[in-house]
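Below are the chains, spelled out letter by letter.
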Amino acid sequence: MEPFIKHTGVVAPLDRVNVDTDQMVPKQFLKLQTRQGYGRVLFYDWRYLPGEKPNPEFVLNAPRYKGASVIVARANFGCGSSREHAPWAILDYGFRAILAPSYADIFYNNCFKNGILPVTLSNEQIDELFARTEKREGYRVTVDLEHQVVTDDQGLRYSFEVDPFRRDCLLKGLDDIGLTLVHEPRISSFEAKYLKHPAMYEAVDVKHHSDSPQSARHN
Amino acid sequence: MAARTLYEKIWDAHVVREEPGQPTLIYIDRHLIHEGTSPQAFAGLKAAGRKVRRPELTFAAMDHSVSTKNRLLPVLDADARGQFEALERNCAETGVHLFDMNSKNQGIVHVIGPELGITQPGQTIVCGDSHTSTHGAFGALAFGIGTSEIEHVLATQCLTQFKSKTMKVEITGKRPHGVTAKDIILAVIGKIGIAGGNGHVFEYTGEAVRGLSMEGRMTMCNMSIEGGARAGMVAPDETTFKYMEGRPFVPRGREFQAAVDFWQTLPSDTGAVYDDTLTLHARDLAPMVTWGTNPGMVTQVSDRVPDPASFSDPVDREAATRALVYMDLKPGTAMEDISLDRVFIGSCTNSRLEDLRAAAKVVEGRHVAKSLKQALVVPGSRVVKAEAEAEGLDKVFVAAGFEWRDAGCSMCIGMNDDVLLSGERSASTSNRNFEGRQGKGGRTHLVSPVMAAAAAIEGHFVDIRKWNNVDGVE
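Same order as they appear, the protein sequences are chains W and Y. With the first letter of the first sequence counted as 1, position 145 gets the number 148 in the working numbering; the numbers rise by one all the way through. With the first letter of the second sequence counted as 1, position 203 gets the number 204 in the working numbering; the numbers rise by one all the way through.
Everything labelled a hint here was simulated from the structure, so no lab data went into it. Mixed in with the good hints there might be a few duds.
Stated by the list, open to error - Here are the simulated lysine-lysine pairs, DSBU-like style, with alpha carbons at most 30 Å apart:
no.: 1; chain 1: W; residue 1: Lys-196; chain 2: Y; residue 2: Lys-243
no.: 2; chain 1: Y; residue 1: Lys-175; chain 2: Y; residue 2: Lys-10
no.: 3; chain 1: Y; residue 1: Lys-70; chain 2: Y; residue 2: Lys-396
no.: 4; chain 1: W; residue 1: Lys-69; chain 2: W; residue 2: Lys-56
no.: 5; chain 1: Y; residue 1: Lys-10; chain 2: W; residue 2: Lys-196
no.: 6; chain 1: Y; residue 1: Lys-192; chain 2: Y; residue 2: Lys-467
no.: 7; chain 1: Y; residue 1: Lys-441; chain 2: Y; residue 2: Lys-371
no.: 8; chain 1: W; residue 1: Lys-175; chain 2: Y; residue 2: Lys-52
no.: 9; chain 1: Y; residue 1: Lys-396; chain 2: Y; residue 2: Lys-374
no.: 10; chain 1: Y; residue 1: Lys-10; chain 2: Y; residue 2: Lys-243
no.: 11; chain 1: Y; residue 1: Lys-47; chain 2: W; residue 2: Lys-34
no.: 12; chain 1: Y; residue 1: Lys-52; chain 2: W; residue 2: Lys-34
no.: 13; chain 1: Y; residue 1: Lys-192; chain 2: Y; residue 2: Lys-331
no.: 14; chain 1: W; residue 1: Lys-34; chain 2: Y; residue 2: Lys-374
no.: 15; chain 1: W; residue 1: Lys-175; chain 2: Y; residue 2: Lys-164
no.: 16; chain 1: W; residue 1: Lys-199; chain 2: Y; residue 2: Lys-243
no.: 17; chain 1: W; residue 1: Lys-196; chain 2: Y; residue 2: Lys-164
no.: 18; chain 1: Y; residue 1: Lys-164; chain 2: W; residue 2: Lys-199
no.: 19; chain 1: W; residue 1: Lys-69; chain 2: W; residue 2: Lys-9
no.: 20; chain 1: W; residue 1: Lys-9; chain 2: Y; residue 2: Lys-164
no.: 21; chain 1: W; residue 1: Lys-34; chain 2: Y; residue 2: Lys-105
no.: 22; chain 1: Y; residue 1: Lys-371; chain 2: Y; residue 2: Lys-331
no.: 23; chain 1: Y; residue 1: Lys-166; chain 2: W; residue 2: Lys-175
no.: 24; chain 1: Y; residue 1: Lys-441; chain 2: Y; residue 2: Lys-331
no.: 25; chain 1: Y; residue 1: Lys-166; chain 2: W; residue 2: Lys-196
no.: 26; chain 1: Y; residue 1: Lys-166; chain 2: Y; residue 2: Lys-192
With the hints as constraints, model all of the structure from the sequences given.
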């Protein structure tokens with residue numbers, strides 16, 4: 004994962020509340036087997052008219068937001084499906100940071116696994132960012148994870164909170180699995196005790212429960 | 002020890018490593034996977050040279066993209082075929098048990114887990130699918146994860162997690178006639194909004210919840226995520242134990258008794274403290290229909306499409322305005338006057354035997370409206386399908402003009418060829434009415450199985466409470 008330390012970029016506004024992950028990556032693109040290449044289909048149904056012609060009504064298609072790498076968004080961003088294709092598409096499109104008043108839990112978590120920083124700001128701060136984005140073409144902000152602050156060149160300075168562990172992983176671009184595997188002895192000792200739990204594991208025996216037609220009880 | 006909630010008890014029992022200022026490493030008892038979100042996880046594992054740590058604790062099913070027509074025909078969709086083949090290969094290489102599309106036990110992962118007894122009280126259960134919350138109906142801690150976390154569970158059988166807040170969602174009193182588990186959960190989401198549960202795990206309690214079958218509890222827990230909560234739970238009780246006994250992956254005899262003894266320790270202690278509480282009275286509830294583009298945009302069937310101007314928050318007003326444009330609905334329209342093109346009875350929310358029985362009773366001796374293009378019944382699993390057929394439900398549906406299909410996710414997500422066409426309107430027993438969810442430009446109204454069945458007969462929504470001769474209302 005690419006570390007996120009500090010990022011400066013053009014801001015694109017997505018002024019809709021409750022943007023769900025079905026909109027970020029519609030279902031027809033969930034049949035691929037890669038983590039790359041979803042940038043082209045990000046917000047597909049909003050972004051394209053029939054024949055994949057860019058929809059001029061959709062904000063990301065406006066020339067002034069070409070090359071944007073920060074999204075300012077509304078509350079509960081990323082709700083719905085757990086599909087990690089959503090952050091994959093956001094990253095692949097070129098976004099590195101999101102600014103919103105709140106996020107859905109699974110999406111928020113998925114962002115950190117992919118080097119995207121979802122910044123939580125107040126509604127008033129988000130309103131101000133929308134206003135500034137609209138007012139000035141090419142409006143840019145700097146999102147500084149190390150100092151936990153969003154700034155622009157007009158004196159805006161919003162500090163933000165982020166969990167220290169998540170911050171550290173993102174700053175260093177750490178591999179989660181590698182971090183957990185450091186604790187392998189702990190996992191093994193937990194398992195050794197836990198497997199004796201009478202209610203937990205005796206039940207799992209695929210050999211004795213073959214894929215037979217009547218394997219579920221009639222009631 | 003201080004009084005603990007069900008959630009806290011399960012959490013505590015699964016802590017592998019806990020350090021101040023860090024997320025907790027918790028052990029995962031059951032890992033469910035499907036073709037849609039798992040291939041990248043296996044590829045990542047392979048690229049890093051890592052192994053599946055406990056293959057016997059992961060169960061795989063093909064559900065999202067499977068055809069609900071003839072399973073024996075070749076899969077024409079090359080991308081879907083690629084995912085099926087990848088799942089087969091990945092399971093064969095790692096020793097994960099797969100219920101493939103031709104298995105007698107195939108079905109939606111959230112239907113077959115409970116049905117086979119893979120899902121058990123007190124467990125931690127995860128799956129790369131947000132509707133994993135379904136399994137919480139058994140008093141398990143079950144939640145959806147992303148693909149990176151699937152890979153993490155495959156490699157370590159653990160997850161790093163932050164502890165959630167808890168919300169007690171209490172439904173007092175008895176359910177009125179015509180009000181199902183689906184209506185209760187839609188009413189909850191309507192009340193708190195689709196972000197109301199963010200950061201929380203719900204625990205559903207109260208007489209109306211206790212009175213639900215396991216199927217009804219699964220319907221409620223399934224849609225916890227639609228209220229923003231990653232997980233929803235119901236404390237295990239006699240209804241749970243009775244459901245569990247004799248299922249293929251559930252221990253027998255003395256071991257079963259030991260399991261029940263353990264399960265009985267799980268319910269929240271008297272005096273356990275929740276971070277939030279929501280109380281609804283069952284007597285105030287009614288059959289629900291969504292009018293907008295998220296499950297929180299919902300009202301009672303006897304009500305009307307709201308006027309966006311009636312929303313005080315400008316953001317909500319704008320969202321409602323957009324939703325009504327997408328849904329092609331005018332404020333003030335009676336919900337019962339909304340006509341439909343297709344009806345879908347299925348999905349991990351409402352495709353179990355009880356759902357199909359209830360819907361069949363509504364349609365028995367009647368016929369779907371001529372104005373309808375399609376009425377579809379898709380059992381949640383092949384076991385449900387076989388049981389329904391043994392009772393003759395398939396014949397009831399077919400005689401009434403429904404199509405009777407093979408098991409899968411089908412029109413809930415439209416990854417196979419069961420879709421809404423642009424501009425079409427559905428009554429659907431599924432869980433999401435997002436823009437384009439059932440097909441680009443499609444318009445979805447979420448309802449219970451009996452409401453969907455009655456709507457199919459009339460061609461528009463009807464208040465099932467007026468159908469006094471229908472006792473198929475749970």
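Any of the earlier hints contradicted here, and which numbers? Failing hints: none at all.
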